[in-house]
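Which chain is which? The protein sequence lines are A and B, in order. 42 is the number of the first residue of the first sequence in the numbering used here; add one for each residue after it. 94 is the number of the first residue of the second sequence in the numbering used here; add one for each residue after it.
Derived by calculation from the structure, the hints in this document are not laboratory data. Hints may contain errors.
Said to hold, decoys possible - Computed Cβ-Cβ distance ranges for the label pairs, DEER-style: (1) N124/B / E392/A: 44 to 52 Å; (2) R337/A / S423/B: 16 to 24 Å; (3) D352/A / T293/B: 45 to 53 Å; (4) S423/B / D352/A: 44 to 52 Å; (5) K313/B / R337/A: 39 to 47 Å; (6) D352/B / D352/A: 22 to 30 Å; (7) D322/B / L364/A: 50 to 58 Å; (8) D322/B / R337/A: 28 to 36 Å; (9) L359/A / A338/B: 21 to 29 Å; (10) N124/B / K81/A: 15 to 23 Å; (11) R337/A / T293/B: 39 to 47 Å.
As the list claims (entries may be wrong) - Once the Cα atoms are required to be at most 30 Å apart in a straight line, the calculated DSSO-like pairs of lysine-lysine come out as: (12) K147/B / K81/A; (13) K290/B / K219/A; (14) K119/B / K66/A; (15) K147/B / K219/A; (16) K325/B / K290/B; (17) K225/A / K119/B; (18) K225/A / K66/A.
Here the structure is a predicted model, which is why all the values come from computation and not from measurement. Note that the Cβ used here is the ideal one computed from N, Cα and C, for glycine as well.
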Amino acid sequence: MKEYFSYYKEGKGITFSFKDNIVVKDIESVASSKILKGYKPVFDATVVTKVKKAGYDILGKTLQDEFGFGSFCTNLDTSFNTPRNPLHPDRVTGGSSGGAAGAAKKIKNHIAIAESTGGSIANPAAFCNVIGLTPTYGLVSRYGLIDYANSLDKIGVISSSLELVSLGLQKIAGYDEKDSTSVKVDIPDYTKRKVIKPVLGIPKGYLGIVDPVIKKDFEKVITSLKNKVVFKEVDLPLNKKYSVSTYYIIAMAEASTNLAKYTGLRYGFTKDFEKNDFNEFSSLVRSECFGEESKRRIMLGTFTRMAGYRDQYYDKALRVRRLLINEYKDVLKKVDGIIHPTMPIHPPKFEDVKDLKPLEVYNMDLLTVGANLAGLPHISMPIKASLPTGVMITTDHFEEKKLLDIGGLFE
Amino acid sequence: MNKIGLEIHASLKTESKLFCDCPNDKTASANVNTCEICLGHPGSKPRTNEEAVKKTILVCKALNTDLRNELVFSRKNYFYPDLSKNYQITQYEEPLGENGFLDADGRIKIKRVHLEEDPASITREDNNILVDYNRCGTPLVEIVTEPDISSAEQARLFMKKLLRTLKYLRVLDKNSSLKADVNVSNKKNNYVRVEVKNVTGFKEIQRCIEYEIERQKKEKVFNETRGWDAQKGKTYSMRKKESEADYGYIYEPDIPIIDVSEYLGLSLPVLAEEKIKFLVGKGINSEDAEIIADDPDIMSFFEKAMTSPVFSAKFFRSMVLGILNYNKISIDDYPPGPGEMKELLVLLESGVINEKTAKNILIKFLEGGFSPKAFVKKNNLEMLSDKDIDVFVDEVLAENPSAIEDFKSGEEKSLNFLVGMVMRKSGGKANPEQVKASVIKKIS
Chain A
42 MKEYFSYYKE GKGITFSFKD NIVVKDIESV ASSKILKGYK PVFDATVVTK VKKAGYDILG
102 KTLQDEFGFG SFCTNLDTSF NTPRNPLHPD RVTGGSSGGA AGAAKKIKNH IAIAESTGGS
162 IANPAAFCNV IGLTPTYGLV SRYGLIDYAN SLDKIGVISS SLELVSLGLQ KIAGYDEKDS
222 TSVKVDIPDY TKRKVIKPVL GIPKGYLGIV DPVIKKDFEK VITSLKNKVV FKEVDLPLNK
282 KYSVSTYYII AMAEASTNLA KYTGLRYGFT KDFEKNDFNE FSSLVRSECF GEESKRRIML
342 GTFTRMAGYR DQYYDKALRV RRLLINEYKD VLKKVDGIIH PTMPIHPPKF EDVKDLKPLE
402 VYNMDLLTVG ANLAGLPHIS MPIKASLPTG VMITTDHFEE KKLLDIGGLF E
Chain B
94 MNKIGLEIHA SLKTESKLFC DCPNDKTASA NVNTCEICLG HPGSKPRTNE EAVKKTILVC
154 KALNTDLRNE LVFSRKNYFY PDLSKNYQIT QYEEPLGENG FLDADGRIKI KRVHLEEDPA
214 SITREDNNIL VDYNRCGTPL VEIVTEPDIS SAEQARLFMK KLLRTLKYLR VLDKNSSLKA
274 DVNVSNKKNN YVRVEVKNVT GFKEIQRCIE YEIERQKKEK VFNETRGWDA QKGKTYSMRK
334 KESEADYGYI YEPDIPIIDV SEYLGLSLPV LAEEKIKFLV GKGINSEDAE IIADDPDIMS
394 FFEKAMTSPV FSAKFFRSMV LGILNYNKIS IDDYPPGPGE MKELLVLLES GVINEKTAKN
454 ILIKFLEGGF SPKAFVKKNN LEMLSDKDID VFVDEVLAEN PSAIEDFKSG EEKSLNFLVG
514 MVMRKSGGKA NPEQVKASVI KKIS
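The shape of chain A in the complex, shown without the other chains:
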């Protein structure tokens, strides 16, 4: 089980771990990037402080794709091992919170605190057959989270049972004055379950883009729940068409500014390049340390916000995002939740991942990015299938309790 961690120590009882991009004081936190090698944070993330105060043992930091840039947890600095799927070692864990999902599957009574920007909790949870909950944007403090895309990043929970997931959420949720985007809301008791008969909407056309086996397994689950849930068809045409492009423009624009601070000058990786000029020095450090995907996102993200292109890309994406959120909100007025398979594919084998083009990988996020872009809470629940498969349910903002109750019907 240590293979899911970048740092590990033993612990007792119900244990916690943190995705590597959540800083823990004095413990190397590098978000799987070489550029932060050796960086020991000077403070605890708010979620870490909360878990420490509650008295739980912390097992360590879990592996991830570099800065969260990836869908398979195969994009890590070479000094880390690549985590394998706990059920099928020849397959990936999913990502970017692959280590968290693997640890949640392998370790008993374990609550893995993970983070999602566009699907980084739901995706590995589905691939590792565990439960992944991404809360409403603003419910959990991001203070101490190494930024990927600040307007999208959300800290959430991956674990093996709803009981543990709700306990994990209970421990980390709540307003934090250190995070200006955190929201003042009353925190209910997430751990108490209620039996409800919800109305769930299946978005039109979403099943047409998933693997036929996944479609069949999903439909079987729907049929088996006919008495407990009212299913109806809903329509999210704008999200289906524009969510992936909108998501990647905003995420990359923000990421490209967030990564600017890493220059090897003040912390993390450093090397004597014998260069006096800080510009040259920073370029050498960044060239050597950032992985290919980071470089791609810096370049694309910078491009979308440059004068002359900004209107067509960054500004437009912000406006479209507003439309996409409204579309979700309108649908959620009519149903309790939206349901569809979490991922369009099964966890791929390592050898198949290598041949995928970046755009093919980005398109695999279609089912998860909508809810992430809208900051809506969503949960991935594993279902019975030949290969790990999840269903994803999305509810309205701050309806985590309802989301967990709906999840109970699938456990």
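We have chain A already, so just place chain B on it with the hints.
The following block gives chain B in isolation, referenced to the frame of chain A:
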């Protein structure tokens, strides 16, 4: 015909920095006032300082701008070691204030007023760049004028009024000087615009404008960015501008839009213009009024210490401000209170002491405050009465008959000699004007 526009940066005086709790104190030893937030450590997030927002709103109001009721921050992206995050949190699309003005020998339109964080301060030493992050993240207000200024003198007037306004608002960090980017162009060169970056200090900004106006009269002018060499008193070319620098702005995603409508009702304190009007209304000449009202602390001290206005203003301008300037101290650092100053003014005005004694008391005040009345009594510094003076005058006239003759034959100097002799006899405690009058009366 010149067109001059200014982009002025003023440091705001606040308890803490703009986005963290570190003290806003640039005088501390290097890198003491720093934390994970202003050093841009991974995972840290900004949190907006309300005090800085309120003070910026006051600046907007004093400069008569339209006010937005939302505060929107953006990221301005560029790589430089003085930026801990390699982006600066500033305002771009939606500044807090727009379309204002300040009158300084004509109306100068204010294009925008916005709030932003100051980068760290940099010192170059041999081949090294030394960075002090104490300043990093402290609040700055940026004030951008339209190119409505036509001369260096008008620019000086504008800056003087602006600085005075900021002082009256009590928003200015006295430990930092004004900084400006200066745009200068003239008609002869079809208003091809030259920008001089980062000129520090009131006097330097003025010198720089003077130099640039003269240079543009003589040299061919390019659209370029220039620097200011204060030692040589010259601007120099930094880079030609084919296009504007591209900062790839995005909205600051760590700070939601802040509703500031509750602060828009903040009321302005009484500003210098009103104080000047008040003084002039009391009969004080406008030059004295301008000088006394230039500093709100001096003005408030003056108002409390004032006896008869014209007399007090003259005394303040020539004597009190002279002492402060000579000793390079502010009125706050000058020990006497306004009550003690008032006592001194009363003694001088009623003729109990002369100017020389008053000046000595002002100097003695540097060591600490005391009651001038008690001091004068204890040291026997009261002026002599008319009767006492007459006795001395009679004595001196009796002893110097030839001087009287000289005066009568038109020798003006003899009068000064006689007055001087009486003053010497009186031990300096006579009023020379009175002595003079008495001498003239007795010998003519």
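Hint check:
1. Checked against the hint of 44 to 52 Å, the C-beta distance between N124/B and E392/A comes to roughly 51 Å, which is consistent with it.
2. In this structure, R337/A and S423/B break the distance hint of 16 to 24 Å, their C-beta atoms being roughly 57 Å apart.
3. Taking the beta carbon of each, D352/A and T293/B are about 36 Å apart, not inside 45 to 53 Å as hinted.
4. A hinted range of 44 to 52 Å holds for the C-beta pair S423/B and D352/A, which are about 51 Å apart.
5. In this structure, K313/B and R337/A meet the distance hint of 39 to 47 Å, their C-beta atoms being roughly 45 Å apart.
6. Between D352/B and D352/A the C-beta distance comes to about 27 Å, which sits within the given range of 22 to 30 Å.
7. Range check, D322/B to L364/A: about 53 Å between beta-carbon atoms, so the 50 to 58 Å window is met.
8. The hinted range of 28 to 36 Å is not satisfied by D322/B and R337/A, whose Cβ atoms lie roughly 43 Å apart.
9. Hint check: L359/A to A338/B, Cβ distance near 23 Å, so the stated range 21 to 29 Å holds.
10. Between N124/B and K81/A the beta carbons are some 19 Å apart, a value that agrees with the proposed interval 15 to 23 Å.
11. Taken as a hint, the range 39 to 47 Å holds for the pair R337/A and T293/B, whose Cβ atoms sit roughly 41 Å apart.
12. Proposed proximity of K147/B and K81/A is contradicted: the alpha carbons are some 37 Å apart, above 30 Å.
13. The straight-line distance between the Cα atoms of K290/B and K219/A is roughly 35 Å, outside the 30 Å bound, and the hint therefore fails.
14. A distance of roughly 28 Å separates the Cα atoms of K119/B and K66/A; the hinted pair therefore holds under the 30 Å criterion.
15. Taking the CA atoms of K147/B and K219/A, the gap is about 20 Å. The hint holds against a cut of 30 Å.
16. The hinted pair formed by K325/B and K290/B meets the criterion: a straight-line CA distance of about 16 Å does not exceed 30 Å.
17. Between K225/A and K119/B the alpha-carbon distance is near 35 Å, which puts this suggested pair outside the 30 Å criterion.
18. The suggested pairing of K225/A with K66/A holds, with an alpha-carbon distance near 26 Å, which does not exceed 30 Å.
Hints 2, 3, 8, 12, 13, 17 from the list above are not met by this structure, while the remaining hints are.
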